[in-house]
Amino acid sequence: MKKLRRRCACLLVVGALALAACGGSGPSPEQESVLNRGNGVEPESLDVHRAASTEAHDVQRDIGEGLTGLTPQGELRAAAAERWEVSADGRQYTFWLRPDARWSNGELVTAEDFVFSYRRLVDPATAALYVKSVSDIENAAEIIAGDRPPSELGVIATDTHTLEIRLRHAVPYFLNLLTHPSMFPVHRGSLEEHADAHTRPGNLVGNGAYKLVDWQVGSVIELMRNEHYWDNANTAIDRVRHYVTSEPMSELSRYRAGELQVTRTIPPEAFAQMQAQRPAEVRVSAALSVYYYGLNMTVPVLSENPKLRQALSMAIDREVIAHDIVGRGEKPAYGWVPDGIAGYQGRRFPYASMPAEERLATAKQLYREAGFGANKPLRLELRYNTSDTHKRIALAAQSMWHELPGLEIALINEEFQVLVDNIRQREITQIFRLLWIGDYDDPHTFLSTLESDNPSNFTAYQSKIFDSLMQRAAESTDPVRRNVFLGEAESEMLADHPLIPLYFMVNKSMVSPQVEGWGDNVLNYHYSQHLSLSN
Amino acid sequence: MRILGAIPTLLLVIAVAFLMVRAAPGGPFDSERALPPDVEQNIEKAYHLDEPLPAQFVRYLAGIAVGDFGPSFRYRDYTVSEIIRQAFPLSMRLGAMAMLLALIVGVSAGMAAALHKNSMLDRLISAVAMLGISVPIFVVAPLMVLVFAVSLDWLPASYAGSAGADRLIMPIIALALPQIAYIARLTRASMIEIMASDFVRTARAQGLRTASIIRYHAIKPAMLPLLSYMGPAIAAVLTGSIVVEQVFGIPGVGQFFISGALNRDYTLVLGITVFYAVIVIVLNLVVDLLYGFLDPRIRSR
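Residue numbers (the numbering used here), protein chains in the order written: chain A, 1 to 535; chain B, 1 to 301.
Each hint should be verified, as a subset may be incorrect.
As the list claims (entries may be wrong) - Chain A residues, not near chain B, derived (Cβ > 12 Å throughout): (1) L76; (2) Q92; (3) G146; (4) D147; (5) D196; (6) R241; (7) G258; (8) E304; (9) D317; (10) E358; (11) T389; (12) G487; (13) E492.
Claimed, not checked - Only some residues are given here: those of chain B computed to face chain A with a beta carbon under 8 Å: (14) P25; (15) F29; (16) D30; (17) S31; (18) D38; (19) N42; (20) R74; (21) L143; (22) V150; (23) Y159; (24) G161; (25) L289; (26) Y291; (27) G292; (28) L294.
Everything labelled a hint here was simulated from the structure, so no lab data went into it.
Idealized CB from N, CA, C, for every residue including glycine.
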């Protein structure tokens, strides 16, 4: 027995040594410049018409491009189209494609490719999840509803390199919508040949700076320089790997071990440590998203008591939540549209600048005026989904609300999918946690969610004044006048308090000092083609 | 006969799993962004979610009969069969190696503890085993990464961090640790019981040496409780540990099972459940056969 045991132990040691020896040889050849990016959870699809997550979009922005794109600083730039013209009424766009734009198999990118792609996006058979970008094009809504054939979409190729797009109404941010991956072209030939398998390595033909070479589900998506890309001469990095990093703490360990040069996020529990130890690598920038508590406006006690809603909003000390509880550079939100959108100044609650004590005193007074107090108690439920951060914020909000006499707030923790379902049903939900992430650099992406008929209007806010202001903004061709209407709409909505914005979120990534060309932008787009690596 | 008997069990598993996953609130396409009604309709049609539930169940069974688990609702570029085919071999390899390591170390430690009952060695082994059971993997695994990858830089921090076999060392150890502890305790308890039993005492009375008593009389019966533990344990380890997979970034079955459940990816959850059920049934069958080999009383029945 003893001898046997000794033999086993020997074998184990030898085995471990042999294993360790194997690991020495690295996978990448010399001189090649390789960028390893943490990309969060597994992207659900690389088909631009089927994906809806930022994880998928971040990979897609490397392997394809739309008519327009963004610079590292978030400004609009020409991409597959080299120039464009807009008609005086803002409803007709003409794009001239780059004559040297090519697919990764060497074929020319033509206007016909875009026509084919946009028709596929609206085709009910495609069952696309994300149709916002295309929905303002003439007949798009009718085609998605199945009332018209896809061929009637308002997109025409007038010749090989000229594309005309007609819109239902003027959309001032239309050029920004075109940067979204759902508006990238798909390659007709590979789609027809491989059908559902057209996004696999070897099958996928893209028009971006990189091409797909490997996809190990749950682990890594590997891209290589596309030599046929029109701007290949300016692409610095040869190979890009988007790693699945579903757990932020282990993503950070991988970054610290040198396996990643860019992370998707920075976990809250390690943020202070990273900022102290590696301040130059912590990249935090304002994001186009707001964290909020929605009020279900179909619940009578909430919908019939504007003063109660305002009291609930005013009793929250947003500074404490933004700085002390989340504390990664988030800004307290006293309005709905975040800062950082060019040409628009977000409207804020009049009590934004009030001292905290005065705000609480006013909240108490409004609460009393609404008819509640120690002798007329009120019980409300706050629902949030499973997460340490959400829980800590909810606990803080609960204790702040307890300052209002007789108000009892019950915290209910639900799994995300259950929470979303309950919010949609609008039956048992009273106050709920959610966030809204803007899709494009325009206030409309935030304000439109509160229009009466918007499916993402989870609070069920109905205001004729708000709707008509939004309508007038949509009809105005002058951008300054439009922003005035949008601003009035935001003020109107804020005064009604259908929701309680808590804080404006931030993009946060660890970026290695080796990486050059990283720019901060509200949409958090970081095309690999704009980055380079120093030694 | 036993194999045929497994079919009703499997059908029951499928039916219950199908109903449970559908009964869960929320759907696979719910998110912070509500879908326009027309878009929602198109998607439900594409995935046959607009059909009545019994029709969907029949469609699903018909697929399984030909080995098709359907398309994943979340990972829209892949079928469930493709995901399992990619993820399972890795989970199996890791699980098998971890189990082997756990068996070798766990049984040796358990035996040593039992044969030196109440000695310092026994106390040490028992204490370490207790620690191994009570300290969860989600504490041990990240700690291992911090020490061996971040500070010492001996091993890669993730599965994808290296192309060599060294990327498997930490995951295997992390997977094996709780199993080692459990197996050691099981072996120790069962060995002590056997060594105190009547037939061992008789053998001793006949003047046999301890070594041959252990070898010819004690080992086989002492392994019986371990064997019944091994069936489900192997099944659990083979199908992946979500914690180990997340910490080391391993593309195994475990993370797809969990993310499938959270995303309401009906077909993916069902597919992995059915796959898992098959493995459990097969392993239990194997355990039963081995039982007969180790215990003559069962064989004769």
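Cross-check of the supplied hints:
Separation of L76 of chain A from chain B is adequate, the least Cβ-Cβ distance of about 23 Å exceeding the 12 Å criterion. A cut-off of 12 Å between C-beta atoms confirms that Q92 of chain A is not in contact with chain B; the least separation is 25 Å. The claim that G146 of chain A lies off the interface is violated: its Cβ sits roughly 7 Å from the closest Cβ of chain B, which falls inside the 12 Å cut-off. Not every CB of chain B is more than 12 Å from the CB of D147 of chain A (nearest about 9 Å), against its label as outside the interface.
Here D196 of chain A does not stay apart from chain B, with its beta-carbon only about 7 Å from theirs, under the 12 Å limit. A beta-carbon of chain B is positioned within 12 Å of the beta-carbon of R241 of chain A; the least distance is around 8 Å. Against the 12 Å criterion, G258 of chain A falls within the reach of chain B, whose nearest CB is about 8 Å from its own CB. Look at E304 of chain A: its CB is around 25 Å from the nearest CB on chain B, clear of 12 Å, so calling it non-interface holds up.
Every Cβ of chain B is farther than 12 Å from the Cβ of D317 of chain A; the closest lies at roughly 25 Å, confirming the non-interface assignment. Every C-beta of chain B lies more than 12 Å from that of E358 of chain A, the closest at about 34 Å, which supports listing it as non-interface. The beta carbon of T389 of chain A is kept farther than 12 Å from every beta carbon of chain B, the shortest such distance being approximately 15 Å. Listed as a non-interface residue, G487 of chain A keeps its Cβ farther than 12 Å from every Cβ of chain B; the least gap is roughly 24 Å.
Separation of E492 of chain A from chain B is adequate, the least Cβ-Cβ distance of about 22 Å exceeding the 12 Å criterion. Because the smallest distance between the Cβ of P25 of chain B and any Cβ of chain A comes to about 4 Å, under 8 Å, the interface hint for this residue holds. With 8 Å as the threshold, the beta carbon of F29 of chain B comes within range of chain A, its nearest partner Cβ sitting at about 7 Å, so the hint holds. Annotation: D30 of chain B was flagged as interfacial toward chain A, and the flag holds, the nearest CB pair being 4 Å apart, inside 8 Å.
About 7 Å separates the beta-carbon of S31 of chain B from the nearest beta-carbon of chain A, less than 8 Å, and the hint is met. At its closest, the beta carbon of D38 of chain B sits 4 Å from a beta carbon of chain A; the interface hint therefore holds under the 8 Å criterion. With a cut of 8 Å, the hint placing N42 of chain B at the interface with chain A holds, because the nearest CB-to-CB distance is about 4 Å. A least Cβ separation of about 5 Å between R74 of chain B and chain A falls short of the 8 Å threshold, and the interface hint therefore holds.
Of the supplied interface hints, the one on L143 of chain B is violated, with its beta-carbon coming no nearer than about 10 Å to a beta-carbon of chain A, more than 8 Å. Nearest Cβ of chain A to the Cβ of V150 of chain B: about 5 Å, under the 8 Å cut. The hint holds. The closest approach between the C-beta of Y159 of chain B and any C-beta of chain A is roughly 7 Å, which is under the 8 Å cut-off, so the hint is satisfied. A cut of 8 Å between beta carbons decides the hint on G161 of chain B: the least distance to chain A is about 4 Å, and the hint holds.
For L289 of chain B, the suggested interface contact is broken, since its CB lies about 25 Å from the closest CB of chain A, more than 8 Å. Because the smallest distance between the Cβ of Y291 of chain B and any Cβ of chain A comes to about 24 Å, over 8 Å, the interface hint for this residue is violated. Nearest Cβ of chain A to the Cβ of G292 of chain B: about 26 Å, over the 8 Å cut. The hint is violated. Checking L294 of chain B against chain A: minimum C-beta separation of about 19 Å lies over 8 Å; hint violated.
The structure does not agree with the numbered hints 3, 4, 5, 6, 7, 21, 25, 26, 27 and 28 stated previously, though it agrees with the rest.
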